[in-house]
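Engineer: Here is how the chains run, residue by residue.
There are 2 protein chains.
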Amino acid sequence: MSPTLDRVLDRIDATLDESLERLFELVRIPSISTDPAFAADVAAAADWAARDLASIGFSAAVRTTPGHPMVVGHWQGPVERDAPHVLFYGHYDVQPVDPIELWHRPPFEPAIETRPDGSRILLGRGTADDKGQFLTFIEACRAHVAVTGKLPVRVTVFLEGEEESGSPSLPAFLDENHDELACDLALVCDTDMWDRSTPAITATLRGLVGEEVIIRCANRDLHSGLYGGPALNPIRVLAGILADLHDANGAVTLPGFYEGVGEPPADLRVQWDAIGLTAAEFLGPVGLSQPAGEMGRSMLEQMWMRPTAEINGILGGYAGDGFKTVLPATATAKVSFRLVAGQDPQAVRDAFRAFVTQRLPKDARAEFKSHGASPGLAVAFDSPALRSAQRALTEEWGTPALIIGSGGSIPVVGNFNRQLGMDSVMIGFGLDDDRVHSPNEKYELSSFHKGIRSWARILAVL
Amino acid sequence: MSPTLDRVLDRIDATLDESLERLFELVRIPSISTDPAFAADVAAAADWAARDLASIGFSAAVRTTPGHPMVVGHWQGPVERDAPHVLFYGHYDVQPVDPIELWHRPPFEPAIETRPDGSRILLGRGTADDKGQFLTFIEACRAHVAVTGKLPVRVTVFLEGEEESGSPSLPAFLDENHDELACDLALVCDTDMWDRSTPAITATLRGLVGEEVIIRCANRDLHSGLYGGPALNPIRVLAGILADLHDANGAVTLPGFYEGVGEPPADLRVQWDAIGLTAAEFLGPVGLSQPAGEMGRSMLEQMWMRPTAEINGILGGYAGDGFKTVLPATATAKVSFRLVAGQDPQAVRDAFRAFVTQRLPKDARAEFKSHGASPGLAVAFDSPALRSAQRALTEEWGTPALIIGSGGSIPVVGNFNRQLGMDSVMIGFGLDDDRVHSPNEKYELSSFHKGIRSWARILAVL
Numbered sequence: 001m002s003p004t005l006d007r008v009l010d011r012i013d014a015t016l017d018e019s020l021e022r023l024f025e026l027v028r029i030p031s032i033s034t035d036p037a038f039a040a041d042v043a044a045a046a047d048w049a050a051r052d053l054a055s056i057g058f059s060a061a062v063r064t065t066p067g068h069p070m071v072v073g074h075w076q077g078p079v080e081r082d083a084p085h086v087l088f089y090g091h092y093d094v095q096p097v098d099p100i101e102l103w104h105r106p107p108f109e110p111a112i113e114t115r116p117d118g119s120r121i122l123l124g125r126g127t128a129d130d131k132g133q134f135l136t137f138i139e140a141c142r143a144h145v146a147v148t149g150k151l152p153v154r155v156t157v158f159l160e161g162e163e164e165s166g167s168p169s170l171p172a173f174l175d176e177n178h179d180e181l182a183c184d185l186a187l188v189c190d191t192d193m194w195d196r197s198t199p200a201i202t203a204t205l206r207g208l209v210g211e212e213v214i215i216r217c218a219n220r221d222l223h224s225g226l227y228g229g230p231a232l233n234p235i236r237v238l239a240g241i242l243a244d245l246h247d248a249n250g251a252v253t254l255p256g257f258y259e260g261v262g263e264p265p266a267d268l269r270v271q272w273d274a275i276g277l278t279a280a281e282f283l284g285p286v287g288l289s290q291p292a293g294e295m296g297r298s299m300l301e302q303m304w305m306r307p308t309a310e311i312n313g314i315l316g317g318y319a320g321d322g323f324k325t326v327l328p329a330t331a332t333a334k335v336s337f338r339l340v341a342g343q344d345p346q347a348v349r350d351a352f353r354a355f356v357t358q359r360l361p362k363d364a365r366a367e368f369k370s371h372g373a374s375p376g377l378a379v380a381f382d383s384p385a386l387r388s389a390q391r392a393l394t395e396e397w398g399t400p401a402l403i404i405g406s407g408g409s410i411p412v413v414g415n416f417n418r419q420l421g422m423d424s425v426m427i428g429f430g431l432d433d434d435r436v437h438s439p440n441e442k443y444e445l446s447s448f449h450k451g452i453r454s455w456a457r458i459l460a461v462l
Numbered sequence: 001m002s003p004t005l006d007r008v009l010d011r012i013d014a015t016l017d018e019s020l021e022r023l024f025e026l027v028r029i030p031s032i033s034t035d036p037a038f039a040a041d042v043a044a045a046a047d048w049a050a051r052d053l054a055s056i057g058f059s060a061a062v063r064t065t066p067g068h069p070m071v072v073g074h075w076q077g078p079v080e081r082d083a084p085h086v087l088f089y090g091h092y093d094v095q096p097v098d099p100i101e102l103w104h105r106p107p108f109e110p111a112i113e114t115r116p117d118g119s120r121i122l123l124g125r126g127t128a129d130d131k132g133q134f135l136t137f138i139e140a141c142r143a144h145v146a147v148t149g150k151l152p153v154r155v156t157v158f159l160e161g162e163e164e165s166g167s168p169s170l171p172a173f174l175d176e177n178h179d180e181l182a183c184d185l186a187l188v189c190d191t192d193m194w195d196r197s198t199p200a201i202t203a204t205l206r207g208l209v210g211e212e213v214i215i216r217c218a219n220r221d222l223h224s225g226l227y228g229g230p231a232l233n234p235i236r237v238l239a240g241i242l243a244d245l246h247d248a249n250g251a252v253t254l255p256g257f258y259e260g261v262g263e264p265p266a267d268l269r270v271q272w273d274a275i276g277l278t279a280a281e282f283l284g285p286v287g288l289s290q291p292a293g294e295m296g297r298s299m300l301e302q303m304w305m306r307p308t309a310e311i312n313g314i315l316g317g318y319a320g321d322g323f324k325t326v327l328p329a330t331a332t333a334k335v336s337f338r339l340v341a342g343q344d345p346q347a348v349r350d351a352f353r354a355f356v357t358q359r360l361p362k363d364a365r366a367e368f369k370s371h372g373a374s375p376g377l378a379v380a381f382d383s384p385a386l387r388s389a390q391r392a393l394t395e396e397w398g399t400p401a402l403i404i405g406s407g408g409s410i411p412v413v414g415n416f417n418r419q420l421g422m423d424s425v426m427i428g429f430g431l432d433d434d435r436v437h438s439p440n441e442k443y444e445l446s447s448f449h450k451g452i453r454s455w456a457r458i459l460a461v462l
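Going line by line, the protein sequences match chains E and L. Going by the numbering used here, 6 is the number at position 6 of the first sequence; the sequence numbering is gapless. Going by the numbering used here, 443 is the number at position 443 of the second sequence; the sequence numbering is gapless.
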């Protein structure tokens with residue numbers, strides 16, 4: 001380790017209380033983006049972030065959109081070397097706090113609590129998602145600048161205020177400011193560690209195609225006493241089609257579904273197998289004991305590298321208390337496909353609709369409604385930036401940093417990829433139990449402190 | 001035809017206006033059994049019926065039960081010959097009238113209306129179900145007594161006031177009055193003709209087993225982003241099981257399901273085929289074009305002589321507007337089996353539960369709720385009473401009377417069979433379009449008039 005980096009890390013340790021005070025200032029602003037009643041608070045949080053960046057030496061501004069503002073800050077001071085230009089992304093808005101009565105203390109009055117084992121946690125809405133997370137990066141920049149007067153690489157910070165509301169203004173903002181925001185690489189701090197002591201870089205995200213299918217048979221509900229037998233039952237039609245969606249090995253049967261789906265690199269598979277995650281550990285807490293996905297694939301592969309078909313909802317006929325001998329006119333299901341990199345969302349949607357339509361008996365019709373489509377995504381598993389960051393994390397935490405996937409999606413990563421032609425490296429220090437969308441959100445003090453130190457190291461080696 | 005019967009029929013024609021006035025008196029009493037607010041009216045209708053029977057010469061009484069009363073009347077005058085003792089069943093209670101605003105005239109102010117084609121209909125709640133129907137029999141008795149001073153056979157009349165409320169007091173009443181009510185044969189007047197000009201005797205009724213199945217997997221709803229793949233989805237489990245319930249030919253796959261199910265006699269099958277009912281006629285009005293029941297069976301067989309499995313309701317996951325990527329903890333279906341004579345309801349229930357349980361993957365559990373069980377029923381297709389009644393109906397209507405089945409159930413027929421050891425002959429003069437449980441209930445004047453004449457003939461030949 002260079003003596004300079006040593007001094008940067010020492011300064012981070014020495015000024016942790018000031019870093020925490022800045023986090024708490026920001027957490028005290030109730031920047032709930034989904035509720036119009038908090039619009040002024042959202043704006044106040046954007047102002048706070050721009051001022052904070054300016055205090056480090058960024059040229060920062062609050063940028064208006066049709067919705068909540070964006071904050072963009074460019075480091076225009078000296079950099080240490082002709083390094084890549086990175087775009088750092090975070091979001092300063094937070095989730096609503098309902099049900100408020102379940103909070104043990106007011107959500108916007110942050111506090112530090114010491115647990116029986118001596119570990120400490122930061123309490124309050126946004127301590128983790130995403131105020132605490134994105135400040136780990138900003139504070140790392142602050143320390144570099146304080147010690148050296150420079151940043152190791154060129155940095156642009158880009159903070160959004162609508163992430164918890166579906167980012168309605170993001171795509172247009174990226175298009176309108178393409179040249180300003182298109183960098184060599186994006187850094188995204190909105191993900192988790194593998195566990196409390198093991199850092200992780202997220203390299204795959206799954207996309208999603210949502211479909212609603214309505215099967216229509218008779219022109220009205222019929223009585224099964226009279227019509228039971230001759231009359232076609234749409235629930236039976238629907239159940240038959242849905243039952244066909246998977247084969248006996250748990251694979252999805254849509255023709256062409258796995259086209260373009262790649263295998264994880266051998267070294268990654270070895271790493272994932274070495275994690276040794278058991279069904280008891282992962283599924284036990286939710287009352288299950290056995291992986292139910294594709295046979296022959298580990299649970300981590302099933303979640304991170306394999307697409308799925310899921311029935312998220314079904315409704316038909318009489319579903320209230322008691323019993324009615326009705327033959328309903330319609331039956332409906334909501335079906336989603338989690339996609340991985342290489343799959344075409346529109347092709348999957350088309351394949352599903354054809355699959356259903358081909359299985360309709362005479363007298364049954366199907367209607368479809370689209371509920372969103374986003375592709376899956378994988379960054380290059382062996383890019384120099386990712387490998388450098390992995391080494392830096394390993395040094396900081398003393399435990400090998402894992403390359404992992406995410407079963408869900410982080411839409412902005414797709415936007416960066418498609419609109420700005422930019423790969424992302426997703427590093428975050430959240431934990432499974434941070435309750436990020438629930439009452440009593442917390443962030444580990446170790447996540448905050450070692451998160452800052454981690455970014456300081458990563459900036460130094462990028 | 002005997003000269004005596006001729007005179008009886010002439011009298012029926014001559015006194016039709018008086019018969020109608022009696023029907024209208026009864027229809028004016030709003031004897032809605034399901035609504036406690038009408039309890040006094042239900043009692044008044046029972047009183048009316050007992051007085052009416054007494055006016056003919058029956059020894060009649062209103063008999064209390066824990067619910068609404070029964071009316072029992074014994075003919076104790078002379079009979080023409082040593083004939084069978086018949087128990088005639090009807091019900092004097094009626095359905096509620098909601099939604100009242102859809103009635104074209106007040107439901108309890110009966111009236112006669114002449115249609116453009118010259119046919120006339122009786123309007124009002126209960127004109128068909130079952131006040132008009134059961135009075136066809138009473139008025140036939142009145143005419144016989146008026147002309148001859150006798151009835152052709154021994155008659156006991158048994159009228160219920162809870163048929164539209166599920167007959168809660170019936171089983172105990174039959175047990176407590178077994179010896180008084182157990183006759184050689186029951187006559188039940190609560191069924192339909194085949195069409196406006198074709199009389200029919202109903203010889204089969206389907207029973208019903210209702211089952212609710214709840215599939216439970218995880219101990220709480222999960223997010224498909226994280227758990228999609230490894231976590232078992234109860235909707236998928238349920239759809240797979242339900243899809244298995246029928247084979248490719250539309251037959252039910254429960255082991256033993258068809259045990260005891262008989263074939264219709266050859267002459268009945270010939271008769272049914274001769275009806276020539278087309279899918280366009282039967283299914284066209286409800287928007288279907290093709291029978292969906294067991295292949296190789298006519299629609300009439302599918303409805304009258306074949307058991308079915310139907311999914312009457314299904315619910316799981318998110319079924320509201322929009323989309324949620326939930327993996328639900330549970331999924332539920334309501335399944336019913338229409339049964340025919342020879343099937344054991346408990347065996348069908350057991351077979352269904354075993355069928356579901358055997359198909360559960362590890363980590364899925366099933367809970368079951370019973371929603372009633374009643375066996376299917378078939379009277380002897382060739383009993384002398386049925387054949388005599390068929391000839392009498394054929395003579396009255398000038399069109400061969402059909403032996404038909406009913407896809408639904410008439411529970412009292414099962415009670416008579418099981419509790420009193422008595423077969424029933426089901427003859428009624430209702431039509432499909434009588435709107436018996438809907439606003440604007442009507443009964444054809446021809447059904448009432450020729451119904452009385454039909455019973456007069458049947459009484460003469462039994």
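The hints are simulated quantities; they were obtained by calculation from the structure and are not laboratory data. Careful, some of the hints might be misleading.
Identical copies look the same in the list; a pair holds intra-copy or inter-copy alike.
What the hints assert, rightly or not - Restricting the straight-line Cα-Cα distance to at most 35 Å, the calculated cross-link-like pairs of lysine-lysine (DSBU-like) are:
# : residue 1 : residue 2
1 : K324      : K150
2 : K324      : K369
3 : K450      : K150
4 : K324      : K362
5 : K369      : K150
6 : K450      : K362
7 : K450      : K369
8 : K150      : K362
Engineer: Look at each hint and say if it fits the structure.
Structural biologist: Now the hints, each set against the structure:
{"no.": "1", "hint": "K324 to K150", "result": "neither (74 Å within a copy, 46 Å between copies)"}
{"no.": "2", "hint": "K324 to K369", "result": "both (28 Å within a copy, 14 Å between copies)"}
{"no.": "3", "hint": "K450 to K150", "result": "within (21 Å within a copy, 106 Å between copies)"}
{"no.": "4", "hint": "K324 to K362", "result": "both (26 Å within a copy, 31 Å between copies)"}
{"no.": "5", "hint": "K369 to K150", "result": "neither (53 Å within a copy, 71 Å between copies)"}
{"no.": "6", "hint": "K450 to K362", "result": "neither (64 Å within a copy, 42 Å between copies)"}
{"no.": "7", "hint": "K450 to K369", "result": "neither (46 Å within a copy, 55 Å between copies)"}
{"no.": "8", "hint": "K150 to K362", "result": "neither (72 Å within a copy, 59 Å between copies)"}
Consistency with the previously given hints fails for numbers 1, 5, 6, 7, 8, ordered from lowest to highest.
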